[in-house]
Amino acid sequence: MKRYLAVLPAAAVLVLAGCIGTESASAPSGQDTNSATTVPRSPTVTPPAAPRDEATVLPVPEAADASQTDALSAAEKVLSTFGQPELAYDEWIAALYPVMTQSGAAAYEGTDPTTIPVRHITGTGEIMAGSTEVALIVQVPTDAGLYNVSLSRPSATAVWLADRIRPAGA
Amino acid sequence: MAEQKTSGAATLIAVPLMLLAAGFLLIILILPPGETAAAACTGAATTVDPATPPQGAIEGYEGDQLVNAAHIMNAASTLKLDRNAQVLGVMTAIGESSLTVLDNGDAVGPDSRGLFQQRDNGAWGTYEDRMNPSVSATNFFTALTAVTGWETLEPTLAAHMVQGNADPFHYERFFTTADRIVTALAGDGPSGAGCASGSVVLPLSAGFNMTDGFGPRISPVAGASSWHPATDLQHYPNPCGDQIYSISAGTVALIQGYQVSIKAADGYTVTYMHMKLSDVSVQVGDPVTAGQPIALVGNEGPSTGCHLDIRIDQNGSTNDAVTQLSDGEDSGGPAASRGYVNPEEFFALYGIELCPTSSCQRQLS
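These protein sequences, in sequence, are chains W and L.
Residue numbering for the first sequence follows my numbering, beginning at 75 and increasing consecutively.
Residue numbering for the second sequence follows my numbering, beginning at 1314 and increasing consecutively.
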């Protein structure tokens, strides 16, 4: 019983994420639109002329060199904290909390550390294409293969925290 | 039984107060008054006869694998659970055993057995129980329903709370396959577009129309670009000011001009265009969830009417399914379309039809 009570607060956050997701997308503003198929198509509405759209996307600037350097060390710290299967759960998750985002930590609360195959980092990390000042992915070689660490932060001056720690190709 | 993880080793500790407080803050900030958490995508669970599996393969699964899926579905319906639970169970068993009753474990769990790879720690019954499709599925669902809020967690995270995997997101890529298997065995249809996987949702409320598709324009106007690396969506009449939702979880990476770009945790970037900056309700650096309101539909920039232009750039994706979608350049588009994938194909990866004929008119130019 104790263990599920402990899960509750973080689960509540995810519950919200989940329910807002499905609710909002299907039935915002209190409209009764339980599914796409129930939405009436008014026969009186004549389709307007399709709007013309000649927009091009502004590219998101890559993370600056200093930000990338910080991200590399953050990702290595995340992976070496994550890859401690010898720790008891309490100790493992307590070490992980400071290096994870809120939603990231909530996801890993379900993990049994004894199932983690990573024990140590075996090389230098690499910033993946499409980096930004507030979100990027670092690929780090480990004794269990390449791992992708998704990092994010609220501003260009904040500390990088991890959202996901996943084996490459998973 | 219900309180035990597959691992048995994990004992969760009290979550820091910070998380608790943040959780309540979220409730206050984003749950509109009167909105309930009732899921819109639930359907009744169907009971399936395991003696008569479909002929041939479904998504590469056949024979005994489909019989095992039927046992999982029936375990859910016996417990009075809904169709989403059936999909969740089949998804988990695909991720653990490819729907095969395995008489072996793996490196990190050598004592794991059966469809759900349940450990020999007393939590999952006898060896015979763990090797029995019905009993092991029943024990899985019993543990699942003890997870607080399991119905509204992302399915992969709900499964993970029971299974205790190293990777909480391991089951996500099996969701669409599981949904198709359940649909085929039950002989019914999925219960609603836009809420299939929970990890990806529609950008506007259902019932919108598509006013321009991805690819070459049928009748380009002189001087206008003839290749559109995006999809244009709008409700009509009155498309202006319509709420736009983030289609997936990520971090807001750029807000400039009339665009919002959100980088997903999987690395791809989704850009929403033509909004007024004053109608954008997020800031750069904000974490967003799938379905979170981010802005209102507008007519800013080179546009001749209110609509949402949504485009998805696979550059930087660590999600193989997204990376493997063909991009604009593969489809004969100009260099500027490199990396941009067809949003309809992107949504299809998550079991969602972006523009179903029942609710969405295609009025392509």
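Just so you know, these hints were derived from the structure itself, not from any lab.
All C-beta atoms in this analysis are idealised placements derived from N, C-alpha and C, irrespective of residue type, glycine included.
There could be a bad hint or two in this list.
What the hints assert, rightly or not - Far from chain W, by Cβ distances over 12 Å, these chain L residues were calculated:
id, residue
1, L1392
2, A1420
3, G1435
4, N1478
5, A1479
6, A1499
7, P1529
8, A1562
9, M1586
10, D1592
11, Q1627
12, S1644
13, A1661
Said to hold, decoys possible - For each label pair, taking beta carbons as the anchor points, the in silico distance ranges come out as:
id, chain 1, residue 1, chain 2, residue 2, range
14, L, D1442, W, A138, 52 to 58 Å
15, W, T231, L, G1369, 26 to 32 Å
16, W, V233, L, A1649, 53 to 59 Å
Said to hold, decoys possible - Partial selection, computed: residues in chain L whose CB lies under 10 Å from chain W:
id, residue
17, V1460
18, A1472
19, H1473
20, G1563
21, A1566
22, G1570
Here is what the structure says about each hint:
1. At roughly 18 Å, the least C-beta separation between L1392(L) and chain W is larger than 12 Å, which holds for a residue marked as non-interface.
2. For A1420(L), the non-interface assignment is contradicted: its Cβ lies about 7 Å from the closest Cβ of chain W, within the 12 Å cut-off.
3. Every CB of chain W lies more than 12 Å from the CB of G1435(L), the least distance being 15 Å, so the non-interface label holds.
4. Distance to chain W contradicts N1478(L) as a non-interface residue, since its nearest Cβ pair spans about 6 Å, not more than 12 Å.
5. Against the 12 Å criterion, A1479(L) falls within the reach of chain W, whose nearest CB is about 4 Å from its own CB.
6. Every CB of chain W lies more than 12 Å from the CB of A1499(L), the least distance being 17 Å, so the non-interface label holds.
7. A cut-off of 12 Å between C-beta atoms confirms that P1529(L) is not in contact with chain W; the least separation is 14 Å.
8. Remark: the non-interface label on A1562(L) conflicts with the geometry, its nearest Cβ contact in chain W lying 7 Å away (cut-off 12 Å).
9. The claim that M1586(L) lies off the interface is violated: its Cβ sits roughly 5 Å from the closest Cβ of chain W, which falls inside the 12 Å cut-off.
10. Every CB of chain W lies more than 12 Å from the CB of D1592(L), the least distance being 15 Å, so the non-interface label holds.
11. The non-interface label for Q1627(L) is inconsistent with chain W: the shortest C-beta to C-beta separation is roughly 9 Å, within 12 Å.
12. With a minimum CB-CB distance of about 17 Å to chain W, S1644(L) clears the 12 Å threshold, and the non-interface call stands.
13. Distance check for A1661(L) against chain W: the nearest CB is about 15 Å away, which clears 12 Å, and the non-interface claim stands.
14. Range check, D1442(L) to A138(W): Cβ separation about 56 Å, and the 52 to 58 Å hint holds.
15. Hint check: T231(W) to G1369(L), Cβ distance near 58 Å, so the stated range 26 to 32 Å is violated.
16. Under the hint 53 to 59 Å, the C-beta atoms of V233(W) and A1649(L), about 36 Å apart, miss the expected range.
17. At its closest, the beta carbon of V1460(L) sits 7 Å from a beta carbon of chain W; the interface hint therefore holds under the 10 Å criterion.
18. A cut of 10 Å between beta carbons decides the hint on A1472(L): the least distance to chain W is about 9 Å, and the hint holds.
19. At about 4 Å, the closest approach between the beta carbon of H1473(L) and any beta carbon in chain W falls short of 10 Å, and the interface hint on this residue holds.
20. Look at G1563(L): its Cβ gets to within about 7 Å of chain W, closer than 10 Å, so that hint holds up.
21. Annotation: A1566(L) was flagged as interfacial toward chain W, and the flag holds, the nearest CB pair being 4 Å apart, inside 10 Å.
22. Nearest Cβ of chain W to the Cβ of G1570(L): about 6 Å, under the 10 Å cut. The hint holds.
The earlier numbered hints that this structure contradicts are 2, 4, 5, 8, 9, 11, 15, 16.
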